[in-house]
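J.: Given chain L, work out where chain C should sit, using these hints.
Top line first, the protein sequences correspond to chains L and C. The first sequence: position 227 = 227 (our numbering), numbered continuously. The second sequence: position 297 = 1297 (our numbering), numbered continuously.
Hint data in this document are derived by calculation from the structure and do not stem from the laboratory. If a hint is listed, it holds; no wrong ones were tucked in.
Listing some non-contacts, in silico: residues in chain L with all C-beta distances to chain C over 10 Å:
1) TYR131
2) ARG354
3) ALA403
Facing chain C, according to a computed beta carbon distance under 10 Å, are these residues of chain L, among others:
4) GLY57
5) GLY230
6) ALA231
7) TYR236
8) PHE237
9) ALA240
10) GLN245
11) VAL248
12) LEU250
13) ASP255
14) MET265
15) THR267
16) GLN272
None of the values given here were measured: they were computed from a predicted structure. All residues carry an ideal CB built from backbone N, CA and C; glycine is no exception.
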Amino acid sequence: MDRPTKTPTVAPYDEMYTADGQVRPPYEVYADWLIREPEDALRQKRAEADSLFHRVGITFAVYGEQDGNERLIPFDIVPRVLSADEWRRLAAGLRQRVHALNAFVADIYHGQDILRAGLLSPEQIFCNPQYRPEMQGLGVPGGIYAHIAGIDVVRAGQGEFYVLEDNLRVPSGVSYMLEDRKMMMRLFPELFALNRVAPVEHYPDRLLENLASVAPAGVADPVVVVLTPGAHNSAYFEHAFLAQQMGVELVEGQDLFVRDGFVYMRTTRGPQRVDVIYRRIDDDFLDPLVFRADSILGVAGLMSAYRAGRVTVANAIGTGIADDKSIYPYVPDMIRFYLGEEPLLANVPTRILRRPDDLAYTLAHLDELVVKEVHGAGGYGMLVGPAASQAEREDFKLRILAAPEKYIAQPTLALSTCPTFVEQGIAPRHIDLRPFVLSGKDITIVPGGLTRVALRAGSLVVNSSQGGGTKDTWVLEE
Amino acid sequence: MLSRTADHVYWLGCYAERAENLARTLDVQYRLSLLPRDTALEDAGWERMLDALGLIDDYVARFDRSFEAHRVIDFLAFDRDNPSSIFNCLRAARENARAVRGTISSEMWETFNATWLEARATAPTRFTARNVAEFIEWVKYRAHLARGVVLGSMLRDEGYHFMQIGTFLERSDGVARLLRIRLACERPDGAEGPAATDYLPWTVLLRALSAYEIFRRVSRDRVTPSHVIAFAAFRPDVPRSILRSTELVFENLQAVANARSAETQRRAGVLHSMLRFGTLDTLGTAGAEGFLRDVLARGADLSDRIGRDFLGHVTPA
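Okay, chain L solo, but in the shape it has when bound:
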């Protein structure tokens, strides 16, 4: 494994401009347009976007906020652009990675070859709360577990891609990819006449095809539903949006029930069978008879119908074992192990603090590293060493020493920046990218993904829960 390097002092890779101020090729047409666009006009477009997003109700719920509890995710009007060649390389790497991750989950819940080969130790799997013993030995259609994967990718150094995180449970954000595109086309139609931007609008069709392709064997015309925790969930807009775009029912746990081993939904004309559940609820809440007994979001008996092969749950139960931060460092090894290929996309070099030498190094270099809790998510439970105070680092050090196996450490990557329209005008802000990879009969990726942007100057945290925004992501066609 590569050794983490010291925090780079060079300027981060800018997506639009080279270090000497030249416009990079994919941005040429856009930059030329941007220079001639008055700032007032941009400001007005941004205000227009805000009011449109409010009216359309593209909001996310925020717990504990008064009056509607809904907020907008800030939308930036400057797109993020990738060339056809960049995308080709990225897509090939994503395909390979998701292929290996699915093979890994299937292996863990069946033969466990990877443990016998000694690449991972049994306690890393069996002591992991994301491992679901209920899934052991259970076959799933097509051997696919992560039907929908959101892979977080960043660029650093000279623009190399790194995978930061694999999201294989209920990755969200795809609705923003689609709505951001719609908004850009509405605000700046002329830009789409000037640039050959690959379309993303067919994502819901692909998603539906993908879900139908993993229906239980023998079901000719499967009934697909989207299962949501309800209108108070922070991603409710996305759940409703995807159900609508696919033309399927959006159900809550209370709408479903299990009878004679099959899952049904309650309709105005009596029970109707359900074959594929695209669930947007965590494993823990899916079936109170098997998982958390206090869950009111799930469906009693769902797991028994699932075990009997009468219904497909997407993503499968237990995929969390492959997207846990403690497992992440081993993904390149998985690619070699299952596919016999070299990884096309690099991991961020990661120290595993359960290893004594990695722990010692990390404690000595806390001011340079990002330390993450392996079960944390959403940018919580992490220490950004260079940005933290001495006291915060000392405090975190004690937490690490109390349970080193709960942490990993990575160098503070100089995430790439992209020009972004902020209060002061156009300024560089750090970004990442979450492409969505669909696995069913085939693997499909619509060109692009969700670009998240840290709107505060210098901030590296792009999560919407912490003040991040989004950008439209363009993949140019040749």
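T.: Leaving out everything else, chain C in the frame of chain L:
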């Protein structure tokens, strides 16, 4: 269609219609309060109105028996703590739309959402009890807009039928209540006087139902209580008549009939027949009160039954 989805579209229809009916009811009383009339009966109009709307207890609990116009208007139009205020009906319509935004058309959702956002943003400042007329106009036009969006963009599936059922049950209820309020303000003896100005309130009522011009066009009758009640109840061609509303409830219920709804269909048919073949000739204004009360009770019964037959409501023990 999911029972829960049907429930939400049903209530979406109800709340949207209730907001409009309330606006129209308020409109009558407000306009009358501006007329140079000076009768003790009219002074008690606000109280009668609250009574007929079933809100008098809630009101008295908060404001005692002081029925000043501005207070009642505020309570019915803008009050955040009155779950039945127009403001809260607009919110409830929007919340129900949000719960099924994937089922209704995007344009519908955006319309109900925009109405609510605008109400929330402007009701405390632009709209107050002082310029309630402007607010009423705004509510009516948002309702017209929403109706057009529903007609022009919603799939004619079960969701549409349930929304129509909710809408028209609510409308027949609202119109019946409006007529009762007016009736309660009439002379106790029920005698009809000769002077045209005596019936000014009934003219105002017709205007609030967007039906004054229609009345003039289709009827040679003078504006008297019994003529207006007969007109608002029994005309098949007046959009806000009770007959038209019960007819649409009946038709839409037929379209969604299921294995256990036969009795509900029958009762909807009975209510419709009462209006379809009814007449006030034998009732007089005194009998009209009983008739309207019957219409309201039958509507409430239908609402309960629809909840149990279709919308997944639990049968009370």
